[in-house]
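Given chain A, put chain B in place with the hints provided.
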Amino acid sequence: MTQLKPIPQSMHFADALLLSSGKSIAGYDLAYETYGTLNADKSNAVLICHALNASHHVAGTYADDEKNVGWWDNMVGPGKPVDTNKFFVIGVNNLGSCFGSTSPAHVDVSTGKPYGSSFPVVTVEDWVNAQERLVTKLGITQLAAVMGGSLGGMQALSWTLQFPDRLRYCVCIASAPNLSAQNIAFNEVARRAITTDPDFYSGDFYAHGVVPERGLRLARMVGHITYLSDDAMDEKFGRERIESLAGQAAYGFDEEFQIESYLKHQGKKFASYFDANTYLLITRALDYFDPAKAFGGDLSAALARAKAKFLVVSFTTDWRFPAERSREIVKALVDNKLCVSYAEISASQGHDAFLLEDERYMNVVRAYFDGVTV
Amino acid sequence: MNPFVLKTIAALVPQGARVLDLGCGDGELLAYLRDHKDCTGYGIEIDDAAVHGCVKRAVDVIQLNLDEGLNLFDDNSFDVVLQIDTLQHLRNAEVMLRETVRVGKTGIVAFPNFAHWPNRLSVLLGRMPVTKRLPHQWYDTPNIRVGTYEDFAVLAAQNNLKIEDGFGIQDDAVIRWQPNWRAGTAVFKLTR
Numbered sequence: 021m022t023q024l025k026p027i028p029q030s031m032h033f034a035d036a037l038l039l040s041s042g043k044s045i046a047g048y049d050l051a052y053e054t055y056g057t058l059n060a061d062k063s064n065a066v067l068i069c070h071a072l073n074a075s076h077h078v079a080g081t082y083a084d085d086e087k088n089v090g091w092w093d094n095m096v097g098p099g100k101p102v103d104t105n106k107f108f109v110i111g112v113n114n115l116g117s118c119f120g121s122t123s124p125a126h127v128d129v130s131t132g133k134p135y136g137s138s139f140p141v142v143t144v145e146d147w148v149n150a151q152e153r154l155v156t157k158l159g160i161t162q163l164a165a166v167m168g169g170s171l172g173g174m175q176a177l178s179w180t181l182q183f184p185d186r187l188r189y190c191v192c193i194a195s196a197p198n199l200s201a202q203n204i205a206f207n208e209v210a211r212r213a214i215t216t217d218p219d220f221y222s223g224d225f226y227a228h229g230v231v232p233e234r235g236l237r238l239a240r241m242v243g244h245i246t247y248l249s250d251d252a253m254d255e256k257f258g259r260e261r262i263e264s265l266a267g268q269a270a271y272g273f274d275e276e277f278q279i280e281s282y283l284k285h286q287g288k289k290f291a292s293y294f295d296a297n298t299y300l301l302i303t304r305a306l307d308y309f310d311p312a313k314a315f316g317g318d319l320s321a322a323l324a325r326a327k328a329k330f331l332v333v334s335f336t337t338d339w340r341f342p343a344e345r346s347r348e349i350v351k352a353l354v355d356n357k358l359c360v361s362y363a364e365i366s367a368s369q370g371h372d373a374f375l376l377e378d379e380r381y382m383n384v385v386r387a388y389f390d391g392v393t394v
Numbered sequence: 531m532n533p534f535v536l537k538t539i540a541a542l543v544p545q546g547a548r549v550l551d552l553g554c555g556d557g558e559l560l561a562y563l564r565d566h567k568d569c570t571g572y573g574i575e576i577d578d579a580a581v582h583g584c585v586k587r588a589v590d591v592i593q594l595n596l597d598e599g600l601n602l603f604d605d606n607s608f609d610v611v612l613q614i615d616t617l618q619h620l621r622n623a624e625v626m627l628r629e630t631v632r633v634g635k636t637g638i639v640a641f642p643n644f645a646h647w648p649n650r651l652s653v654l655l656g657r658m659p660v661t662k663r664l665p666h667q668w669y670d671t672p673n674i675r676v677g678t679y680e681d682f683a684v685l686a687a688q689n690n691l692k693i694e695d696g697f698g699i700q701d702d703a704v705i706r707w708q709p710n711w712r713a714g715t716a717v718f719k720l721t722r
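So the sequence lines, in the order shown, correspond to chains A and B.
Quick note: to get our numbering, add 20 to the position in the first sequence (first position is 1).
Quick note: to get our numbering, add 530 to the position in the second sequence (first position is 1).
Excised from the complex, chain A in its bound form:
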């Protein structure tokens, strides 16, 4: 099996993109990667949409950075469920994300300073509009499929509503038709952690040469709790204490339990590479996504525009985007007599399961993509 060696690319868009907020952004760039070969009919393109902290680097490793493995490398590649021997796969970094596309850390040419707090709020619909421009510039009229997990699944779903004729299949994994109050609550705690960090400077911390690391760490810690199931956390950490304590209490408030140590590590790692403004933007995009809103909350009415065939997948212990939320999508698709297959994978890992190796999950996705005609 050959290993993918993608080369990150960037595409410039001079024309202003009108955003949901009414504002617009002009002269922006999107970072993207492609895998496999676009066929002569240009009918084998699959767009992969990323979630909160991922990027356009979906699969493979870089020639100059062997350890930098794509975030969905177990899913996408030669001989993998989304087989790059058959499909031309596109990974794109969303507008506002901090992995290469135009984002708050970039300099706004109109002011000569980083966007910071002036970067416009973007929505899932805005991202899809931006992705559509990229796909069009790549010469692709109709995508074979759009696929994503979690927030990426929302983008895939939104594609079927914004551009019903531009894709044949939609693969929506561990996602939801909108966030619950609890989801928004967790996002808000994370955002408050960032915005109340004195190093945040209302989003314009770049000029001060600091990063609101404390806020970012806390945001990641709370987020990470929601990605794991209670069982998975118990299995991985239980009530174990860090090694130096040899199982004993220290009668203090520094880290003692393994789970504390783990969250601290995750937070620290995250804060070293993720942009605070991007965190705010992406969580807000999550909060706002609600295609049924314009239809009085009727998701079936909202999905009446869709034409694609769907694969919906959920995981039984995912409490961030529970299986019931995926079933809401399935019901709305069934109400519209659309083609849909739905797999509910009993996995113990919670929301994270969508990124992990599971034979049943991989088998279903592989079989589904085998059936995608190009």
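Do not take every clue at face value.
Label pairs and their in silico Cβ distance ranges [to be verified]:
id	chain 1	residue 1	chain 2	residue 2	range
1	B	Arg632	A	Val394	51 to 59 Å
2	B	Asp701	A	Ser200	49 to 57 Å
3	B	Trp711	A	Ser320	45 to 53 Å
4	A	Ser281	B	Met658	51 to 59 Å
The set of hints was computed from the structure by calculation and includes no laboratory data.
Backbone N, C-alpha and C define an ideal beta-carbon position, used for all residues, glycine too.
Just chain B, lined up with the frame of chain A:
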């Protein structure tokens, strides 16, 4: 699925019908109905391997536990709802029978007929039957609802369901004379 049973059931389904197959297994019947009768619709299945089998055949399948009901589907949303060798596995067999004719204009139900004569003989001799049709021992059978052709007719009547057609299948033949004795499989076509 036995090819004769498959074709016999398929013959009860109108051309181009919208079909829901409860407990669809690996989607063989739905694939046949799609390929030979232009039918559309979905299968419902709980088993992971069977769901995978359906996706491999490009049969649309929805992974659900039927014992949780059919809330996903509106009244009259299918021309035909199939329950082929499914009824005997359901805890809420009666509720699901009503659900079958709620979401479907027509229900087609097939199940092993416990009153088939070899089964009767076995019980007469003091042992629960273990046959090709009912291959499990009494203590590990997944068939938690064992009933007869006649029992089903009574249950249908109790639920005010109209039996449009009823027959047995045995040894690749349709049994219309004394199916309760002579057939290992009971088949009913029902409407409200």
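These are the hints, each one checked on the structure:
1. At about 40 Å, the beta-carbon gap between B/Arg632 and A/Val394 misses the expected band of 51 to 59 Å.
2. Remark: the range hint 49 to 57 Å for B/Asp701 to A/Ser200 is upheld by a beta-carbon distance near 56 Å.
3. For the pair B/Trp711 and A/Ser320, the supplied restraint of 45 to 53 Å holds, since their beta-carbon distance comes to about 48 Å.
4. Evaluation of the 51 to 59 Å hint for A/Ser281 and B/Met658 yields a pass: the beta carbon distance comes to about 58 Å.
When held up to the earlier numbered hints, the structure conflicts with hint 1 and nothing else.
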